[in-house]
Amino acid sequence: MTSTTGDVETQAAATSADIVDTQAWLTRHGERLAASYPGVEVAEGIVLWRQSPSWLPVALWPANADGVALLDLADQVREAESGLVSALDQGGLAIGYPVRDLSDDAETALIGAVALRITRPGTPGEPPREDDLVPLMQHLEDAVAGLERDILARHHAITRRRQSRLGDHLTLLAAVLEQSSFDAAAMQLTTRLAAALDAERVSLGWRRGSRTRMRQISHSARFNRKMNRIRATEAAMDEALDQRRAVVWPLQEGAEQEAGAPVNRGHGVLCEMTDVPCALTVPCLDDGRPRGAVTIEREQPFDDEEIGALQSLMALCTRALEEKRRNDRPLPLKAIAAMGEQSGRLLGAGHLGYKLTAIVLVAVAAFAYFATGTDHQSADATLRSDVQRVIAAPFQGYIDDARVRAGDRVEEGDVLATMDTRDLRLQQLESQSELAKLSSEAQELRAEGERASLNVVDAQRDQAEAELQLVQSRLDRANLRAPYDGVVVSGDLTQRLGSAVEGGEELFRVAPEGDYRLELAVDEARIDDISPGQQGELILSAMTDTPLDFEVTRLTPETRSQEGSNRFIVEAELEEAPAGLRPGMEGVGKIELGEDRLVSIWTRELVDWLRLNVWQWWG
Numbered sequence: 064m065t066s067t068t069g070d071v072e073t074q075a076a077a078t079s080a081d082i083v084d085t086q087a088w089l090t091r092h093g094e095r096l097a098a099s100y101p102g103v104e105v106a107e108g109i110v111l112w113r114q115s116p117s118w119l120p121v122a123l124w125p126a127n128a129d130g131v132a133l134l135d136l137a138d139q140v141r142e143a144e145s146g147l148v149s150a151l152d153q154g155g156l157a158i159g160y161p162v163r164d165l166s167d168d169a170e171t172a173l174i175g176a177v178a179l180r181i182t183r184p185g186t187p188g189e190p191p192r193e194d195d196l197v198p199l200m201q202h203l204e205d206a207v208a209g210l211e212r213d214i215l216a217r218h219h220a221i222t223r224r225r226q227s228r229l230g231d232h233l234t235l236l237a238a239v240l241e242q243s244s245f246d247a248a249a250m251q252l253t254t255r256l257a258a259a260l261d262a263e264r265v266s267l268g269w270r271r272g273s274r275t276r277m278r279q280i281s282h283s284a285r286f287n288r289k290m291n292r293i294r295a296t297e298a299a300m301d302e303a304l305d306q307r308r309a310v311v312w313p314l315q316e317g318a319e320q321e322a323g324a325p326v327n328r329g330h331g332v333l334c335e336m337t338d339v340p341c342a343l344t345v346p347c348l349d350d351g352r353p354r355g356a357v358t359i360e361r362e363q364p365f366d367d368e369e370i371g372a373l374q375s376l377m378a379l380c381t382r383a384l385e386e387k388r389r390n391d392r393p394l395p396l397k398a399i400a401a402m403g404e405q406s407g408r409l410l411g412a413g414h415l416g417y418k419l420t421a422i423v424l425v426a427v428a429a430f431a432y433f434a435t436g437t438d439h440q441s442a443d444a445t446l447r448s449d450v451q452r453v454i455a456a457p458f459q460g461y462i463d464d465a466r467v468r469a470g471d472r473v474e475e476g477d478v479l480a481t482m483d484t485r486d487l488r489l490q491q492l493e494s495q496s497e498l499a500k501l502s503s504e505a506q507e508l509r510a511e512g513e514r515a516s517l518n519v520v521d522a523q524r525d526q527a528e529a530e531l532q533l534v535q536s537r538l539d540r541a542n543l544r545a546p547y548d549g550v551v552v553s554g555d556l557t558q559r560l561g562s563a564v565e566g567g568e569e570l571f572r573v574a575p576e577g578d579y580r581l582e583l584a585v586d587e588a589r590i591d592d593i594s595p596g597q598q599g600e601l602i603l604s605a606m607t608d609t610p611l612d613f614e615v616t617r618l619t620p621e622t623r624s625q626e627g628s629n630r631f632i633v634e635a636e637l638e639e640a641p642a643g644l645r646p647g648m649e650g651v652g653k654i655e656l657g658e659d660r661l662v663s664i665w666t667r668e669l670v671d672w673l674r675l676n677v678w679q680w681w682g
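Mapping the sequence shown onto our numbering, position 471 (from 1) lands on 534, and the numbers just tick up by one.
In short, the hints are calculated from the structure, not lab data. The C-beta atom is built at its ideal place from N, Cα and C for all residues, glycine as well. Any given hint could turn out to be false.
To be verified - The following label-pair restraints were derived from C-beta to C-beta distances:
1) 204 to 258: 44 to 50 Å
2) 212 to 98: 17 to 23 Å
3) 244 to 678: 36 to 42 Å
4) 216 to 294: 47 to 53 Å
5) 474 to 621: 48 to 54 Å
6) 144 to 338: 53 to 59 Å
Let the sequences and hints guide you as you build the complete structure.
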């Protein structure tokens, strides 16, 4: 639409009929030349003008003149781009001068050429005197300069008018854009157009399906859609939109005979009904698609420049109005419209990349729905010894020697550490001495026959023997020995030599080699899917290249809090324990839960989350 206005204005700047009246100029200056120089007579004159891509004569004086003889000279002036004087075969002289466009944005300076045939009065075949040639050329040059000034003035007037129109368009567009709704924007558009064009009424209709519905009328907040005038206006809008061009009533003079003249019967019916003599409908097109139309009714007829300007204006406003109409729709309608638009792209012509993407997505969805796979539940795993023996301090004392540390392998009977026995040996000597003393007293009393005292001494001797046995027992346990072949899991007394320990204090933990159990921390959301007998695979952090198979043996009630979630401990048994395993190793275990659809496996956590939250929100 914008290009239409530009074409009109370009033609207005390039043709004599739209810039200046060259015929009147040629007649006026031909008569002035004859009146100014009594010794010469202007027999005829012609104006040759550039009308891209050719050059055509646009003015002839007098009206009954032939002018053929002057065409050659005018053409020579055009090629030479300077004034020329030439003798003519039919007598007289021909003088010519070029016409230039002095505007800054002119594509080429030369736009025309003027040629005049000069003779002597009373003797048409005789050329004028040579003394008259210089004043004649100066007069012609001054006349052409006046013509060039007129052209430049008209050009500047057109430029100012174009800039003023553009400013009005931008002001109106800004008024439309600042409105928050379609109805408010439509009211701004129709009201401002009515004021700017001095129109009786400006109506805006918008396309709905195959018909146009009235949306706004200038200076009217409400209207009855069933009125005959409204229906006639809608019919006129449909008439313009069906032809995808502006339709005016009445047509300009001579336009009725043109083959490409638009059909305007609906506009004639509208004007007859409303008693407004002139009507114009400009379609609102967005990328070639009809969105709506504006119908203007007024007393004065419309010219081509106004029609082109209105087309440019509606090309600017249509997209803004359509966006506001889309935003005004309720959310469900927006969703339905978006689905329809995407379906049109998918099923219609073009949009190859969109179709390929849809095909790939459908293929992936179909594969995920129909294909099956093995569902797994991952869990953090820790390797534990099946049995552990605690080596505790046999009595209160001091550490004398430490021979192993955590991680050392030991055999049954190996000494792990020794206790300091110096105090025990003193107690042993004391107990032995006391026992010998009591034995001697018992013999004396037995010889004297003192039964009562003998019983007391026998009791004291039994007590001394018990104390001696206790000391001997502690001496026997002073060496802490391994109960079986295994690995020291914990304990390091090398930093505690000479320090005191309490009786029963844990010093070492020893676990047998090759006998392990696996503890798996399973998320409580999936604990119901776990049952004894299920198989799985373990990867330890220290042995990532060696997967280990296991079998779930027991679900324990023990729980642990980890990473903000609650996890249940599940015990499992390794099917094979390779060398290099150590209690306390950690890794990741995957428990096989069985076959299921891939889409169920991929979306299980999301579905569970949705179920829980929907239930919470719904309640």
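Checklist entry - Lying within 53 to 59 Å: is that true of the beta-carbon distance residue 144 to residue 338? => result Given about 57 Å between the Cβ atoms, the range holds.
Does the hinted range 44 to 50 Å hold for residue 204 and residue 258 at CB? The hint (44 to 50 Å, Cβ to Cβ) holds, given that residue 204 and residue 258 are roughly 48 Å apart.
Query raised in the report: Okay, residue 244 versus residue 678 on CB: inside 36 to 42 Å?
Result: 40 Å, holds
Just tell me: holds or violated, for the beta carbon distance of residue 474 and residue 621 against 48 to 54 Å?
-> Once the Cβ atoms are compared, 33 Å apart, the range 48 to 54 Å for residue 621 and residue 474 is violated.
For residue 212 and residue 98, compare the CB-CB distance with the range 17 to 23 Å and indicate the outcome.
Holds, since residue 212 and residue 98 (Cβ atoms, about 22 Å apart) stay within the stated range.
| request: Note whether the CB distance of residue 216 and residue 294 lies within 47 to 53 Å or breaks it. | output: Hint holds: Cβ distance 48 Å, inside 47 to 53 Å.
Going through the hint list in order, the structure does not satisfy hint 5, though it satisfies all others.
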